[in-house]
Each structure stands twice: as structure tokens, then as C-alpha cells.
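So the sequence lines, in the order shown, correspond to chains E and P.
Numbered by UniProt numbering, the letters in the first sequence go through residues 1 to 276 in order.
Numbered by UniProt numbering, the letters in the second sequence go through residues 1 to 276 in order.
Note that these hints are calculated values from the structure, not bench results.
Hints may be right or wrong, so weigh each one.
Unchecked claim - Only pairs whose alpha carbons sit at most 30 angstroms apart, straight line, appear in this in silico BS3-like list of lysine-lysine:
| hint | chain 1 | residue 1 | chain 2 | residue 2 |
| --- | --- | --- | --- | --- |
| 1 | E | LYS19 | P | LYS21 |
| 2 | P | LYS145 | E | LYS19 |
| 3 | P | LYS175 | P | LYS217 |
| 4 | P | LYS156 | P | LYS230 |
| 5 | P | LYS21 | E | LYS21 |
| 6 | P | LYS175 | E | LYS145 |
| 7 | P | LYS217 | E | LYS145 |
Protein chains: 2
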Amino acid sequence: MADAKELSGGSLLLAWQLKDKRVLIVGGGDVASGRLESVLVADALVTLVSPSERLHPLTRRLIDASDRITYRDRLFELSDLDGADMVLTAIDDVETSRAICAECRARRIPVNVADIPPSCDFYFGSQIRNGPLQVMISTNGRSPKLANIVRRRIEKSLPEHVGEAIEKVGELRSKLRERAPGVGGELGKRRMRWMVDVCTSWEMEDLALLDDDMMRKLLDDGWENNRVPKLEDVGGRPRRDAASSPLQVRAAVLTSLVGFLAGAACAAAVMLTRRR
Amino acid sequence: MADAKELSGGSLLLAWQLKDKRVLIVGGGDVASGRLESVLVADALVTLVSPSERLHPLTRRLIDASDRITYRDRLFELSDLDGADMVLTAIDDVETSRAICAECRARRIPVNVADIPPSCDFYFGSQIRNGPLQVMISTNGRSPKLANIVRRRIEKSLPEHVGEAIEKVGELRSKLRERAPGVGGELGKRRMRWMVDVCTSWEMEDLALLDDDMMRKLLDDGWENNRVPKLEDVGGRPRRDAASSPLQVRAAVLTSLVGFLAGAACAAAVMLTRRR
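Okay, chain E solo, but in the shape it has when bound (with noise of 0.2 angstroms):
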């Protein structure tokens, strides 16, 4: 644990839970339409309120393929409060979007003020999603520049296939909940204890090529007996093309190579000049 004193300046980073809860966005231009993909990704009902001529393409893509999203073709009006359980506004004028923030705040409705930090409740990070997997960086307002190239850097970083991977143990994790239900207790802690050996002792990319049949076989041979099979013997066929033959190896090699054929021919020339 970190020192008391060293305990300051950041943000509490949370994973807001919007399913099936209304939001409320107020603009419909760049910024706008970034918030209309995130509150989507969560599941939200929303309404966007923005005169039809500000709509930014992407924005009106996303309100023509959603069937979760209320369009209102105007300009904000306060009772679009009504309702709401977070607002976001993303508009230029200053003025109006300072009201929403007082109003919502009078009604303790969280929201965020695009561009007006001291009117947000909370702030949306640089941001990674990969399937189920989603990574947030946040600099707490230091530097959006260096946030982003640190999320490049993880972006690369992350193993191959992990998103698919995640999906699959969730798939996994439902499937043995079904098989040995109930909650705590010795049952709970030996289903966690299982799926933790199954984590650790497989392969991310291994984890990511489980189908129906290999997960049944992996639930009858592997947790009915206490053990975790490997991918072959539930019927998988490992995907080691690039992976077992990683660039490092085949550098080293590479190296190796040309050292030793450098060392003949060291050796070679040394032994041909003395023999004359």
C-alpha cells in the first residue's frame, strides 16, 4: 500500500453501469458523436437533441442504425431533463451548456460539460475496446498527448486474440455456473479455483479458438476430474503459426548464423595464411 500522503490528485476510474438507463446528449456535431458510440457500447437508452443541420455524418449514422436512440431535431429545451439519469453535453454555446450543468446538478443528475472541467462530474479518458475487454488511460488532465501515446503503446502490447479470449471464458464461466450452480460456499470457491487454473495454464490465443464442443469436453474431462485438459486433448488444434516462431527467435538465429559463418571464415583465412 502506497503512503497516506501520496494518496491525491487522481480520479476514481469506475465502469458505469448503463444498461436500460436514459441519457441525455445535447449536440450532435464531432464531439457528440464520439459520446453517442461510448453510452451505446453500455447499453443506454438514449435521446440526443440537436437542430438536424448539426448533425455531424457520423452522428446521423449512428442515430439512422440504432433503434435505441430518440432524435430531437431542435434545440435544447429544459424539459429534456426530465427523465435523464446522465446528460452529457457537447455544444458551443457556453452560456446554455453552464445552465444544463446547474440544473442537472439542482437535480443531482451526473453530467458532463464537454470542454468545461470545472462543469463535469466526471471525464471520459483515452480509451481502448477489444470484444468485452475496454482499458481506460487517464493522465488526470496532465497531458491528452502523452495519454494517447501510452495507449498506443498498450494497444500493441495487448496479446493477440484477447478480446475473443475473454468472450470465450465468459462463455465458459456461464456454462460451468449452469453445470455446478449456486453462490459461495466450498462449490463457489472450487468453480473459481478451476477457471483460474484454466486462465493460467492455457494460452490467450488457445483460449480464443474454444467452440461448443471443446467447451463441453473441457467441463466433462477437465472439471468433473478436478484437472485442466490441454487444448489438444478437448479436440483443438493449436494456431502456432507466427506465435511459436516469435521474431526475437528467428533474430537470434539470424545472428547466430552469421557469427558462426564469420568464425569459419576467420578461423579459415588464419589457418590458410600460416599453412603457406
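Put chain P on the given structure of chain E with help from the hints.
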């Protein structure tokens, strides 16, 4: 942009702002101590309610060390909710937990009840903190174990000194805003461009070396002349000890040396055999 259909099943990841907000924590055990640490990081004013005999040593240590915690040595009472901006419970009593959640929702106070997902307005993901940098990893409930594995991989992939670099760039930005003040407009854009140039042309480990003197030189020579001097130009000395000869380089030298010796030995052996 992703397909509208793919936009679901996630959470809205947020950096919640708690500076001088009042957070109520009900419970004093292991989980509560983690919550306490997270909200102290975010500069919250905390009230913690728990009979002292149930306090975890870590919780007790934080209570003793921080002047931002009001401690109530007793069980939860309804009046504890008065004035709370956020409520976190981590107690074994499911009935009380659910009652607290219901009351919070009636009062529109964001609430998290540990271990009872339907009673949570938000979840805590797997987190990394490195100075002002915070990273959250969420698998949206699919697999806490894989979240953990991904967290460790991300931790390893983070550039060395990344926290210090972000801190220093934050300071440089503030100094620049003092030197060239004003919101938006051409000046704002020039400020942003110059900061981006600094962040992209300097290595993370060099940014971390910036001190007050170097920042002043960077602004005098760089900002004023619209260019980005190098670390050495502002009086810095790169710490390229381990970095300029990273493990991979050393490994490559070693492999080629071994190859060279093996090649020389082989050639010598062949020629000696032939000579006889």
C-alpha cells in the same frame, strides 16, 4: 467507427471527480480498505462507518494517517447517508446492503454494493496507478482472472518513468499557459501544437528528467522561437545506461559471439583433420 450492432455489452468507463466530495464507506474490512484507498487517491472527504473490532489493519492505518477521514465506530445508521455524494458498502450483511442501496437510489446517490452486481451503479475494474497516470482494465464481468493477467501485461509494457514524464509535461504545460495565457483561439492552437511536438520528439525517459531550469530554457529557446530543442540543448544529460544497451542488444552480441566461436572451432577442426 464500429458497426452500430457491435455497440453493446460494455460499460461507460469514466474518471469520476471526487475532489472535496463526500463519500460514505460502510464497512472496515479488506474490501473496504481498497475502496478507501481508491477514493483517497481522488481527494474525497470520507466518512467510514464500522465497529472498530471489525477494522482491517490497513483500514485502521489509513484512518490514523489521513485527516480526510471521519471515522464512526458503530454500525450503519440511516442518517449516515445525509450529505453523501457517493456510497460504497462492503459488509457481509446482505439485507442491510440492499436496504442501503434502495435508500441511495431514492435519494439519487451513486452507490456500489460489493459482491451484489444488481445493487451497483458502477463497478471497479482492475487498476494501475503510476503517479498521475491511471489505467483501468474491465472485462465487463467476463473474467476477473484474465483482467488481472491483462493488467500485469500492461504494467510491464508501460515505458519506464512514464509517471514522472506525465508529471513533468503537466508542469511544462502550466508554465506555458502562464507565459502565453488565454483560452482558445490561435494562441491556444499554437500552444497545443508545440506541446504535441515536445511530447512526440522527446523520449518518455527524457521528459521525466525535466527540472525547473530545463523547462525555463525549453520555453525560452523553444517556445519563443517556435522549435523543439533537444534534451542536451537545455542542459540535460540523457540517462542512456541501461536504455542504450537494452537486454536485446546484449543478447544479440552474445549470440553472435557464441556463433563466431563455434564457427571458428568447426573450421579449425575441419582444417586440422584435413592437414593430417
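Exercise. Against the earlier hints, flag every one the structure doesn't satisfy and list their numbers going up.
Key: Those not satisfied: there are none.
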